[in-house]
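J.: If you want the building blocks of each chain, they are given just below.
There are 2 protein chains.
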Amino acid sequence: MSTAGPIGPLSLNTVTVKERWGLRDCIEGCARHGIPGISPWRDVLQAMGVEQAARQIRDAGLNVTGLCRGGMFPAADAAGRAANIEDNRRAIAEAHTIGAACLVMVCGGLPPGSKDLPGAREMVREGLHAIMPEARAAGVTIALEPLHPMTCADRSVLSTLGQSLDLCDELGEGTGIALDVYHVWWDPDLARQMRRAKGRIAGFHTCDWLVPTNDTVFDRGLPGDGVIDIPAIRAMAQESGWTGGAEVEILSRRWWSRDPDEVLPLLKERHETVC
Amino acid sequence: MSTAGPIGPLSLNTVTVKERWGLRDCIEGCARHGIPGISPWRDVLQAMGVEQAARQIRDAGLNVTGLCRGGMFPAADAAGRAANIEDNRRAIAEAHTIGAACLVMVCGGLPPGSKDLPGAREMVREGLHAIMPEARAAGVTIALEPLHPMTCADRSVLSTLGQSLDLCDELGEGTGIALDVYHVWWDPDLARQMRRAKGRIAGFHTCDWLVPTNDTVFDRGLPGDGVIDIPAIRAMAQESGWTGGAEVEILSRRWWSRDPDEVLPLLKERHETVC
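Taken in sequence, the protein lines are chains A and B. Under the UniProt record's numbering, the residue at position 100 of the first sequence is numbered 100, and the numbers go up by one with no gaps. Under the UniProt record's numbering, the residue at position 188 of the second sequence is numbered 188, and the numbers go up by one with no gaps.
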């Protein structure tokens with residue numbers, strides 16, 4: 001196991017404080033707490049207005065490490081899939097407007113009532129092919145995010161780094177990987193696939209796996225409160241050419257209930273001490 | 001995707017009714033409901049007495065499709081690991097006494113407080129090497145069970161079929177795979193690894209993945225109530241030489257609360273209609 005280099009700058013993924021703060025609060029909060037990066041979700045971005053948000057983020061001097069999220073391609077019928085593709089085209093335009101380093105893709109699970117996993121994967125593949133021309137034209141990197149296998153049914157049939165890299169290989173230029181330690185830490189094939197990801201990591205996300213984990217989606221921990229060896233994964237990312245920082249993204253009912261002005265200093269501390 | 005052949009006989013994994021029935025109840029219940037197989041957990045086996053249980057299972061004419069479970073090798077110190085290995089030796093003796101087709105291995109997660117996943121995997125590897133001589137001498141197949149990655153921290157660092165087959169390759173004769181559809185259905189590499197498993201499947205377990213899933217351990221569904229394409233996975237198993245039936249193993253707070261004499265007919269029906 002290699003040693004990690006110094007960690008790059010912190011970025012706040014807005015879902016971390018979603019119950020308390022809109023995007024304007026997040027931008028001001030990052031400035032107030034000295035957090036140099038931000039990664040908005042589309043709901044808060046649209047609520048604020050994309051142009052307005054772009055201006056305020058730029059004025060605050062924040063680095064936009066990503067836009068969350070595109071994807072969610074599978075649907076029960078062709079009209080639904082076409083609508084999802086259109087929505088992804090809007091997401092690409094939004095990512096371009098705010099100068100996001102990438103558009104993070106949570107690719108979607110099984111259509112309601114379906115047990116056809118190969119079919120859902122094919123819908124993801126087709127959706128991605130459909131949007132790549134717009135993404136390339138806009139200069140927006142499509143960052144495929146492998147999601148933990150426990151989300152396969154309802155959030156993402158893209159479950160491993162290896163599977164995501166296979167798709168990057170197929171899709172070609174303009175694609176990359178959004179690597180969240182929460183989703184990949186367990187993977188017995190991780191070291192090999194991280195070498196394969198060389199030059200293709202487009203985002204690095206942190207949080208932690210709690211023991212016990214009481215919810216398959218909303219029980220993530222602050223970095224350091226769980227069992228993930230974050231520096232070990234960061235070292236692999238850095239050896240594969242990642243020179244950026246770490247975006248902290250914590251979906252947690254527990255932390256959502258807290259005052260973000262108390263949470264952000266904790267995120268900064270953990271970023272410096274355990275990531 | 002190939003078509004599955006006829007399904008083999010049903011076996012009841014005793015954990016499915018653990019809140020209501022001891023092993024004697026399970027044996028009598030299987031006979032009463034016409035379920036030809038049983039797979040006890042060690043707690044109920046020991047509570048009844050191993051010799052006594054072996055006799056009663058034999059008298060009832062039940063096929064013992066497995067003993068659950070060996071494994072749980074990692075521990076914080078050498079004494080703990082040695083104790084775990086000794087416990088596995090007792091499990092091998094018990095599996096031999098009841099004539100179990102295999103000893104199912106749930107290999108164990110991280111030692112308490114540890115973030116050293118490679119280290120925990122090494123403890124599993126060492127533990128398995130340590131017990132193979134006794135297993136071979138007793139003629140007990142060691143069935144490695146890849147567990148869903150959401151159990152990596154606290155139940156099993158063996159997370160994929162591919163990783164389990166790598167270990168089988170290394171351990172050699174006397175090893176096999178316990179394949180539970182719940183643990184492997186999401187795996188993008190499943191078809192390839194199932195081909196690799198040819199001749200090495202030692203057990204086939206059914207249940208279902210519910211949407212939503214409200215607990216990482218105790219919220220499994222009856223076959224047919226979730227999203228797993230069980231016949232597709234069974235077809236792959238049969239193409240890889242599996243000629244046995246299906247052991248139904250449902251860890252579920254919901255189903256544990258029900259009268260087993262109501263649950264067993266449902267299991268039979270689902271076994272025949274959706275597995």
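In case anyone wonders, no lab produced these hints; they're calculated from the structure. Any given hint could turn out to be false.
A pair holds if it fits inside one copy or across any two, identical chains being indistinguishable in the list.
[As the list claims (entries may be wrong)] Result set (DMTMM-like, lysine to aspartate or glutamate): computed pairs, CA atoms no more than 20 angstroms apart in a straight line:
#, residue 1, residue 2
1, K18, D259
2, K115, D169
3, K115, D189
4, K198, E272
5, K115, D225
6, K268, D215
7, K198, D87
8, K198, D154
9, K115, D219
10, K115, E272
11, K268, D189
12, K18, D43
J.: If a hint holds in the structure, say so; if it doesn't, say that too.
T.: Here is what the structure says about each hint:
1. K18 with D259: Answer is within: at 11 angstroms inside a copy they meet the 20 angstroms cutoff, but 43 angstroms across does not.
2. K115 with D169: neither (27 angstroms within a copy, 32 angstroms between copies)
3. K115 with D189: Only across copies: K115 and D189 sit 17 angstroms apart there, 26 angstroms inside one copy, limit 20 angstroms.
4. K198 with E272: neither (25 angstroms within a copy, 49 angstroms between copies)
5. K115 with D225: between (35 angstroms within a copy, 11 angstroms between copies)
6. K268 with D215: neither (25 angstroms within a copy, 31 angstroms between copies)
7. K198 with D87: Answer is neither: 30 angstroms inside a copy and 44 angstroms across each miss the 20 angstroms cutoff.
8. K198 with D154: Cα proximity of K198 and D154: none, with 29 angstroms in one copy and 31 angstroms across.
9. K115 with D219: So K115 and D219 pass the 20 angstroms test across copies only (18 angstroms; inside, 26 angstroms).
10. K115 with E272: This pair counts as between: shortest inter-copy Cα distance 18 angstroms, intra-copy 43 angstroms.
11. K268 with D189: neither (31 angstroms within a copy, 38 angstroms between copies)
12. K18 with D43: Answer is within; shortest intra-copy Cα gap is 10 angstroms, inter-copy 45 angstroms.
Hints 2, 4, 6, 7, 8 and 11 from the list above are not met by this structure, while the remaining hints are.
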